[in-house]
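Trainee: These are the residues of each chain, in order.
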Amino acid sequence: AQSVTQLGSHVSVSEGALVLLRCNYSSSVPPYLFWYVQYPNQGLQLLLKYTSAATLVKGINGFEAEFKKSETSFHLTKPSAHMSDAAEYFCAVSDWNQGGKLIFGQGTELSVKP
Amino acid sequence: DAGVTQSPTHLIKTRGQQVTLRCSPKSGHDTVSWYQQALGQGPQFIFQYYEEEERQRGNFPDRFSGHQFPNYSSELNVNALLLGDSALYLCASSSSWGDQETQYFGPGTRLLVL
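So the protein sequences, as listed, match chains A and B. One point on numbering: in the numbering used here, the residue at position 93 of the first sequence is 144, and numbering is uninterrupted. One point on numbering: in the numbering used here, the residue at position 56 of the second sequence is 238, and numbering is uninterrupted.
FYI, nobody ran anything at the bench for these hints, they're computed from the structure. Do not take every clue at face value.
What the hints assert, rightly or not - What follows is a list of derived Cβ distance ranges for each label pair:
no.: 1; chain 1: B; residue 1: Gln238; chain 2: A; residue 2: Ser103; range: 37 to 47 Å
no.: 2; chain 1: A; residue 1: Thr128; chain 2: B; residue 2: Thr196; range: 17 to 27 Å
no.: 3; chain 1: A; residue 1: Ser54; chain 2: B; residue 2: Pro243; range: 20 to 30 Å
no.: 4; chain 1: B; residue 1: Leu193; chain 2: A; residue 2: Gly113; range: 32 to 42 Å
no.: 5; chain 1: A; residue 1: Ser121; chain 2: B; residue 2: Pro243; range: 38 to 48 Å
no.: 6; chain 1: A; residue 1: Pro130; chain 2: B; residue 2: Arg237; range: 23 to 33 Å
no.: 7; chain 1: A; residue 1: Ser103; chain 2: B; residue 2: Trp279; range: 13 to 23 Å
We put the beta carbon where it would ideally sit given N, CA and C, even for glycine.
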């Protein structure tokens, strides 16, 4: 069975600092991996996705993530945090062979201090 | 290009009642998935509809049912509401061709059961 673990339910950084949100996955088949962002009282917005092409994936708003098979990780980074990055971030895995349902982690709330 | 839309945005019901939530997929998409997001949790997959049939189902009781219409829009029905059904209900759409693995989410319907 597939699963996702997000380390750290809450991460706080200063404006301009590096953002690192951790995600580890478990999958018996090559996974599709996603990061979504959720702003307060809103739905989920796709940040980026890995679908077995390049291991370093660039997304919107300056975010990127690197797929590391040996570590079963897909950590999300951004070189310089902005106040507008404060939100909840979800990592998700999908096995398209099983219909494509997304399995989400518990989420990481990112706070950005001025 | 219209994104995924959901209605209503908020809903208050009492225990034992029934509720119907509605979703219109992104233009060009033919597959609709529903997720339940309890407060402070990641979304949980309820079911997915394609070609007007339930294609895949998560671990939810039969009180949760759905429907997909010929125009690809979808409804989620929940009978005999419980307090624990209070959550944000998210609809996501995807395409059965091209970028099949990526799901795009609507803003959600927030259901409160009293």
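Trainee: Determine for every hint whether it applies to the structure shown.
Mentor: Comparing the hints with the structure gives:
no.: 1; hint: B:Gln238 with A:Ser103: 37 to 47 Å; verdict: violated, 21 Å
no.: 2; hint: A:Thr128 with B:Thr196: 17 to 27 Å; verdict: violated, 46 Å
no.: 3; hint: A:Ser54 with B:Pro243: 20 to 30 Å; verdict: holds, 22 Å
no.: 4; hint: B:Leu193 with A:Gly113: 32 to 42 Å; verdict: holds, 36 Å
no.: 5; hint: A:Ser121 with B:Pro243: 38 to 48 Å; verdict: holds, 40 Å
no.: 6; hint: A:Pro130 with B:Arg237: 23 to 33 Å; verdict: violated, 40 Å
no.: 7; hint: A:Ser103 with B:Trp279: 13 to 23 Å; verdict: holds, 18 Å
Checked against the numbered hints listed earlier, the structure breaks hints 1, 2, 6; every other hint is satisfied.
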